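Here is what each chain is made of, one letter per residue.
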Amino acid sequence: MNPTIIKSVREKTPLIHHLTNQVVMNFTANGLLAFGGAPVMAKAEEEAKDMASIADGLLINIGTLTAKDLDAMILAGKKANEKGIPVVLDPVGVAATTFRTTAVKQILKEVKPTAIKGNAGELAHLVDIPWQTKGVESLGEGNVEDIARSVALEYKTTAVVTGKIDIICTGKSCMENHTGHPILAKVTGAGCLLSSILTACLTTDDPIEEQVLTAVHFYGLAASHAAASPSVNGSGTFIAPFIDALSLEPEQLEGK
Amino acid sequence: MNPTIIKSVREKTPLIHHLTNQVVMNFTANGLLAFGGAPVMAKAEEEAKDMASIADGLLINIGTLTAKDLDAMILAGKKANEKGIPVVLDPVGVAATTFRTTAVKQILKEVKPTAIKGNAGELAHLVDIPWQTKGVESLGEGNVEDIARSVALEYKTTAVVTGKIDIICTGKSCMENHTGHPILAKVTGAGCLLSSILTACLTTDDPIEEQVLTAVHFYGLAASHAAASPSVNGSGTFIAPFIDALSLEPEQLEGK
Amino acid sequence: MNPTIIKSVREKTPLIHHLTNQVVMNFTANGLLAFGGAPVMAKAEEEAKDMASIADGLLINIGTLTAKDLDAMILAGKKANEKGIPVVLDPVGVAATTFRTTAVKQILKEVKPTAIKGNAGELAHLVDIPWQTKGVESLGEGNVEDIARSVALEYKTTAVVTGKIDIICTGKSCMENHTGHPILAKVTGAGCLLSSILTACLTTDDPIEEQVLTAVHFYGLAASHAAASPSVNGSGTFIAPFIDALSLEPEQLEGK
Numbered sequence: 003m004n005p006t007i008i009k010s011v012r013e014k015t016p017l018i019h020h021l022t023n024q025v026v027m028n029f030t031a032n033g034l035l036a037f038g039g040a041p042v043m044a045k046a047e048e049e050a051k052d053m054a055s056i057a058d059g060l061l062i063n064i065g066t067l068t069a070k071d072l073d074a075m076i077l078a079g080k081k082a083n084e085k086g087i088p089v090v091l092d093p094v095g096v097a098a099t100t101f102r103t104t105a106v107k108q109i110l111k112e113v114k115p116t117a118i119k120g121n122a123g124e125l126a127h128l129v130d131i132p133w134q135t136k137g138v139e140s141l142g143e144g145n146v147e148d149i150a151r152s153v154a155l156e157y158k159t160t161a162v163v164t165g166k167i168d169i170i171c172t173g174k175s176c177m178e179n180h181t182g183h184p185i186l187a188k189v190t191g192a193g194c195l196l197s198s199i200l201t202a203c204l205t206t207d208d209p210i211e212e213q214v215l216t217a218v219h220f221y222g223l224a225a226s227h228a229a230a231s232p233s234v235n236g237s238g239t240f241i242a243p244f245i246d247a248l249s250l251e252p253e254q255l256e257g258k
Numbered sequence: 003m004n005p006t007i008i009k010s011v012r013e014k015t016p017l018i019h020h021l022t023n024q025v026v027m028n029f030t031a032n033g034l035l036a037f038g039g040a041p042v043m044a045k046a047e048e049e050a051k052d053m054a055s056i057a058d059g060l061l062i063n064i065g066t067l068t069a070k071d072l073d074a075m076i077l078a079g080k081k082a083n084e085k086g087i088p089v090v091l092d093p094v095g096v097a098a099t100t101f102r103t104t105a106v107k108q109i110l111k112e113v114k115p116t117a118i119k120g121n122a123g124e125l126a127h128l129v130d131i132p133w134q135t136k137g138v139e140s141l142g143e144g145n146v147e148d149i150a151r152s153v154a155l156e157y158k159t160t161a162v163v164t165g166k167i168d169i170i171c172t173g174k175s176c177m178e179n180h181t182g183h184p185i186l187a188k189v190t191g192a193g194c195l196l197s198s199i200l201t202a203c204l205t206t207d208d209p210i211e212e213q214v215l216t217a218v219h220f221y222g223l224a225a226s227h228a229a230a231s232p233s234v235n236g237s238g239t240f241i242a243p244f245i246d247a248l249s250l251e252p253e254q255l256e257g258k
Numbered sequence: 003m004n005p006t007i008i009k010s011v012r013e014k015t016p017l018i019h020h021l022t023n024q025v026v027m028n029f030t031a032n033g034l035l036a037f038g039g040a041p042v043m044a045k046a047e048e049e050a051k052d053m054a055s056i057a058d059g060l061l062i063n064i065g066t067l068t069a070k071d072l073d074a075m076i077l078a079g080k081k082a083n084e085k086g087i088p089v090v091l092d093p094v095g096v097a098a099t100t101f102r103t104t105a106v107k108q109i110l111k112e113v114k115p116t117a118i119k120g121n122a123g124e125l126a127h128l129v130d131i132p133w134q135t136k137g138v139e140s141l142g143e144g145n146v147e148d149i150a151r152s153v154a155l156e157y158k159t160t161a162v163v164t165g166k167i168d169i170i171c172t173g174k175s176c177m178e179n180h181t182g183h184p185i186l187a188k189v190t191g192a193g194c195l196l197s198s199i200l201t202a203c204l205t206t207d208d209p210i211e212e213q214v215l216t217a218v219h220f221y222g223l224a225a226s227h228a229a230a231s232p233s234v235n236g237s238g239t240f241i242a243p244f245i246d247a248l249s250l251e252p253e254q255l256e257g258k
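Protein chains in written order, with our numbering: chain W, 3 to 258; chain R, 3 to 258; chain G, 3 to 258.
Chain W with its partners taken away, still in its complex shape (with noise of 0.2 Å):
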């Protein structure tokens, strides 16, 4: 982890625009303003363009997908493209269903991400790599940096493949992550706003591997630290003290 790319984004607080699904909104809005940055959630096409043009990032998320979003999704994804914005894709839930399927795969011809990030069982389906799903959940086992790997090669981009232990893989290398905490599964749009954060993180100017590494090392610790909170009891109580535990220091968090 970087601790100048979390200081970096808190000082510049950069706009992200968000694609995303109606689930996770206002979980995602509250958690990226804790961390420090600007959402902005727009969904018609009409402003798709208009948006993205003004906003430092753009999140896709293809949660609660339908045939409008996808378009909005191509003409904010296109103009951050031309723009060089950074932008990241989480294809949710993207082996679920034919339409998911087909949707990402326009997506990624029109749009060149930054950054694609799921589970393992979503990106395994990107790269045609066997892997059991049930809806949004991944439940496979298997070699996950092989997929990651293969994302990022076939793509051309850096793949997250979050999990027990989150792989990262660039064209040219792989790493791991090791921090994060099981409750996460049982909160929804855990996953969404990692991806917000990431895409935040994203609008520093240091390396790709450093800006990843140190959103998703310091979303494992956010969680953690707020887990072990007193009043945690359950992911009910858990998800208010970990949006504050997102706005605290990474050294406030390391030192738990």
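Calculated from the structure, these hints are not laboratory results. A few of these clues could be false.
To be verified - Below, computed lysine-lysine pairings styled on DSSO-like, alpha-carbon distance capped at 27 Å:
(1) Lys114(G) / Lys136(R)
(2) Lys114(G) / Lys80(G)
(3) Lys80(W) / Lys85(G)
(4) Lys107(G) / Lys51(W)
(5) Lys136(W) / Lys9(R)
(6) Lys136(R) / Lys85(G)
To be verified - Computed spacing ranges between beta-carbons, pair by pair:
(7) Lys70(W) / Asp208(G): 37 to 45 Å
(8) Glu143(G) / Arg12(W): 20 to 28 Å
(9) Arg12(R) / Thr104(G): 37 to 45 Å
(10) His180(G) / Ser175(W): 50 to 58 Å
(11) Lys166(R) / Ala69(G): 38 to 46 Å
(12) Ile167(W) / Pro232(R): 45 to 53 Å
(13) Lys9(R) / Asn145(W): 28 to 36 Å
(14) Arg12(W) / Ala69(G): 33 to 41 Å
(15) Arg12(W) / Gly173(G): 38 to 46 Å
If you're wondering where the values come from, they're calculated on a predicted model, not measured in any experiment. Built from N, CA and C at the ideal position, the CB exists for glycine as well.
Dock chains R and G against chain W, hints included.
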């Protein structure tokens, strides 16, 4: 209450497809995750059938219905009927507008719900019994068991009317549930989350009377348990411990 | 602040129809329920008029506007004007894109709002006063009273500009409100919920200056009350006690 139903749900973690309203998606997903189910919320008509095909149960809730949502609900509902998985219909605010009334009629014409769950005003409206409502709330007074029995008989389903006392009627018999807590009336989506948990309970192999009674009884106990927490001073501080309580064992809730 | 306005709202529990953004729906509904109103959130154009017909007040918030939402807003707004119930317009991020600017112009051409509430950047944009904005946030500095007065005069409405100091201008006079807390800037939808509570306060029979001042004054006191709670360590842990505080008596909040 039959605690083995809760245990069965948690062993199976049934995938529940939600076509639900935008107000309650996050709360519902977190609540169902805590209880032991696996929520998926997809709304595009393009994937409605596919998502129902991989699901263990389907919840249809018309709280923020649009014409496009309705198409998706009917496609998913028909697929669920065809597959034989449980379908719960939550006709939120059905009496409030002609659009909702017509939409629910259309759903009930094309989809056979395993259970219909709502407040007295909503279910009274389905069987043309006069009842005072206001927006999505029920204000009337009268014989709720008549309403529940009429709905069960007319739609060949199990009717669940929530209120101070919950009334459950199958075609054969009626039962009452006396757990619950008045604070639930101040939490948006409290009824919607109950529908989600009910759908999860309907995925086990037990008799439907036991499944429904277990869902509403457990839900009410969890509410009372959370409301008794020293950290709860109102509906705001109730929500997090309530989510936690939904993850407890029935025995832990009965003990209070 | 006029405490009888709060009491009147709680006796009446006005039904407030929300055409609001998807990010804040849950938070808004829980906040308004705690305060003493009855939220309904319907977005289909097919029922916009019907829902406005049974409502006591209407809130239009363009935070995640789509073209279809706009149609529903105008239908509901016209019906509300015809019925004589209060309409509040919250032009979220109106300066950010041409789509939003055009949409708000169209709303203001067809619907007469009782009050327009936003930050300085949003309201400045409505009267062509230059002001720095970033997405949905206001960054500029200058004479906020000029902005509020101009909006009030140009649109024959009451303008409410929120900020460190809130400025309220009717066509005749301007007032300041000094309650509030900086943590609200870190909570997504804090302004949106205020608009909802403002709409509820506008449903009483009191002078509009008192209604508006009571809404913003009470809201700020509730925020300060919650922020002073020993369990609050950041924006995450602030939210639940804030919802609770919205249900308190004005006297309980003044006492702090």
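Status of the hints after comparison with the structure:
Distance check on the hinted pair: Lys114(G) and Lys136(R) sit about 25 Å apart at the alpha-carbon level, within 27 Å; holds. For the proposed pair Lys114(G) and Lys80(G), the alpha carbon gap of about 8 Å is at most 27 Å, so the pair holds. Only pairs whose Cα atoms come within 27 Å are accepted, and Lys80(W) paired with Lys85(G) is rejected, the gap being roughly 45 Å. A C-alpha spacing of about 20 Å is found between Lys107(G) and Lys51(W), which places the hinted pair at or below 27 Å, so the restraint holds.
Of the pairs offered as hints, the one joining Lys136(W) and Lys9(R) holds, with about 20 Å between alpha carbons and a cut-off of 27 Å not exceeded. With a CA separation close to 17 Å, the supplied pair Lys136(R) and Lys85(G) stays within the 27 Å bound. Separation of Lys70(W) from Asp208(G) is about 43 Å and conforms to the stated range, judged on CB atoms against 37 to 45 Å. Hint check: Glu143(G) to Arg12(W), Cβ distance near 21 Å, so the stated range 20 to 28 Å holds.
With their beta carbons about 51 Å apart, Arg12(R) and Thr104(G) fall outside the hinted range of 37 to 45 Å. Checked against the hint of 50 to 58 Å, the pair His180(G) and Ser175(W) passes, with Cβ atoms roughly 55 Å apart. Restraint check, Lys166(R) to Ala69(G): a C-beta distance of roughly 43 Å satisfies the suggested window 38 to 46 Å. Take Ile167(W) and Pro232(R): their Cβ atoms lie about 38 Å apart, and the range 45 to 53 Å is violated.
Take Lys9(R) and Asn145(W): their Cβ atoms lie about 34 Å apart, and the range 28 to 36 Å holds. About 36 Å separates the C-beta atoms of Arg12(W) and Ala69(G), a value consistent with the hinted range of 33 to 41 Å. As the Cβ distance of Arg12(W) to Gly173(G) is approximately 42 Å, the hint placing it in 38 to 46 Å holds.
The structure does not agree with the numbered hints 3, 9 and 12 stated previously, though it agrees with the rest.
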